[in-house]
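S.K.: The first sequence begins at 1 in this note's numbering and counts up by one.
Hints are computed from structural coordinates only; laboratory data are not their basis. Note that the structure is predicted; figures quoted are calculated from it, not measured. Treat the hints with care, since some could be wrong.
What the hints assert, rightly or not - Pairs of lysine-lysine residues, derived as DSS-like cross-links and limited to a Cα-Cα distance of at most 25 Å, are as follows:
(1) Lys38 x Lys28
(2) Lys314 x Lys336
(3) Lys247 x Lys56
(4) Lys28 x Lys126
As the list claims (entries may be wrong) - Okay, the calculated beta carbon distance ranges per label pair:
(5) Asp437 x Glu370: 42 to 50 Å
(6) Lys64 x His100: 42 to 50 Å
(7) Gln238 x Trp147: 26 to 34 Å
(8) Glu404 x Gly453: 19 to 27 Å
(9) Asn17 x Ala107: 29 to 37 Å
(10) Gln238 x Trp141: 24 to 32 Å
(11) Arg61 x Ala312: 34 to 42 Å
(12) Ser378 x Lys400: 29 to 37 Å
(13) Glu377 x Trp335: 23 to 31 Å
(14) Glu357 x Trp335: 21 to 29 Å
Quick reminder that beta carbons are idealized off the backbone N, C-alpha and C, glycines included.
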Amino acid sequence: MAKETQFVEQIANIDENFPQWYTDVVLKTKLVDYGPVKGTMVIRPYGYAVWENIQKEMNARFHKRGVENAYFPLLIPMSYFTKEAEHVEGFAPEVAVVTHAGGEELAEPLAIRPTSETIIGTMMSKWVQSYRDLPLKINQWCNVMRWEKTTRPFLRTSEFLWQEGHTAHASEEEAKDETMAMLEIYKEFAENCLAIPVLTGRKTEKERFAGAVATYTMEAMMHDGKSLQAGTSHYLGQNFSTAFDIKYLGNEGVLQTAYTTSWGVSTRLIGAIIMTHGDERGLVFPPVVAPIQCVIVPIAARKPGVVEACEALKTQLENAGIRVTLDNSDNSPGWKFNEWEMKGVPVRIELGPRDIEAGKMLCARRDTLEKVEMPLESAVDGVKALLDSVQKGLLEKARKHRDERIVYADDIAGILAGVEAGNFVKAGWCGCRECEDKVKEETGATSRVFAEGESAETCAICGKKAEHVIVFARAY
RNA sequence: UGAGGCGUAGCGCAGCUUGGUAGCGCGUUUGGUUAGGGACCAAAAGGUCGUGGGUUCAAGUCCCGUCGCCUCAACCA
């Protein structure tokens, strides 16, 4: 097992130093590299491929709901931000501003968008005149910039990629429905495509998006038990439509103010995949979004017929729509096994003279590291079934990991003990800000999401009557 | 933004206390032998010591600034 030890030394131990493990893995697998400007990252081809797969899956879902893609400008006049008081207050500290261009100071400073409610709201006010113009559902894939103080690749960067959907509706009910429908789409996507189980629900007032009436979130548990906000859907009510004058003439001839929503997920999802499924060997990608779904490692490649057989297999899998790579490099098979495992490829095929002779291939699955022999003649069906099984297996494993770490507490010591042990802690809450702040102060945990449909007798912090049950956790 | 640690060859590190010829392991290149869990032999290449300034005859080493990474805390859709 000496060689095993040597391998493990390449990345930090996942349980002993998770943050270092994360940094080691994202750099060594070439998902990402650091940019020259503080907090910026270069998303390398292996990482960008994940993002493209995410885009593909999400676009299909958006289009099904009647959402159209568009693109709005990067630069937003500063004055737009001041139109919604809470929004500007919330974002002002982290907005980067362009003050000079063309060798001159600009008459009006331009914000580099931290989010686009303001400019999209402005444009919507032009486009929405009649109830017939509603609902208006627009999404954009773009970069945004938020000058964060502490950064980490994918999880929190100064500039990141995301999608932001913005919709306008005639009625409050319809806008609320849209908010919840998008949250449901996010959840379905997270579970079925990323194999990440999520808790969904409303955020507290403290954690609400600046300018929203209500913020809904999906929260995922990472390997170390901390929570990651993986996506949000905001019901904006008439806050932005009032500020940006999104009005329409209803069918009874009266001028009405629209109701809007916004919702987004970002490249942070890639961080979520890494921290949910990763293990001591490195990345583990869910097949649906894996850049490479299957790698073929030839054994004794110089023996006659081996390379040809590998290439034929590759073509066959490729034609069936499987993202497959043949590793023809000069490294030893053992080296390749470890390398592709670190890179998280869900299925590996070992193909050597013995297999070819017997009409078989040896398949190893990344999640359990199990190896199974399969007939070469039904390779496509075999690999597809295996990919499907890995996808399901990862979700089950992640769900089990999370469910085992959801505990209840009825006092603040219990909350502290719970989060110290890497759990999500459900506790009764009276609803006041003081109690919420006290939990943060004394345990380092924040309220993540309301536990819908659950109730408690008393507030775990002050002992008064509980109005809600909250999920508390330390978070990224 | 506070407190601490780190930055020397592609990667991991030693050298710094006490200033005086730039080191080790892995990897890389070339040739050969190999190949089912990080193969072996031989030869070779590779460094403005993160960066800017200062002290000094002389700085990887001492001093100041700055950038980046890690940990804890604070801040934060």
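S.K.: All hints are to be evaluated individually against the structure, with a verdict given for each.
M.R.: Cross-check of the supplied hints:
| no. | hint | verdict |
| --- | --- | --- |
| 1 | Lys38 x Lys28 | holds (20 Å) |
| 2 | Lys314 x Lys336 | holds (17 Å) |
| 3 | Lys247 x Lys56 | violated (33 Å) |
| 4 | Lys28 x Lys126 | violated (48 Å) |
| 5 | Asp437 x Glu370: 42 to 50 Å | holds (48 Å) |
| 6 | Lys64 x His100: 42 to 50 Å | holds (44 Å) |
| 7 | Gln238 x Trp147: 26 to 34 Å | holds (30 Å) |
| 8 | Glu404 x Gly453: 19 to 27 Å | holds (21 Å) |
| 9 | Asn17 x Ala107: 29 to 37 Å | violated (51 Å) |
| 10 | Gln238 x Trp141: 24 to 32 Å | holds (27 Å) |
| 11 | Arg61 x Ala312: 34 to 42 Å | holds (36 Å) |
| 12 | Ser378 x Lys400: 29 to 37 Å | holds (31 Å) |
| 13 | Glu377 x Trp335: 23 to 31 Å | holds (30 Å) |
| 14 | Glu357 x Trp335: 21 to 29 Å | holds (25 Å) |
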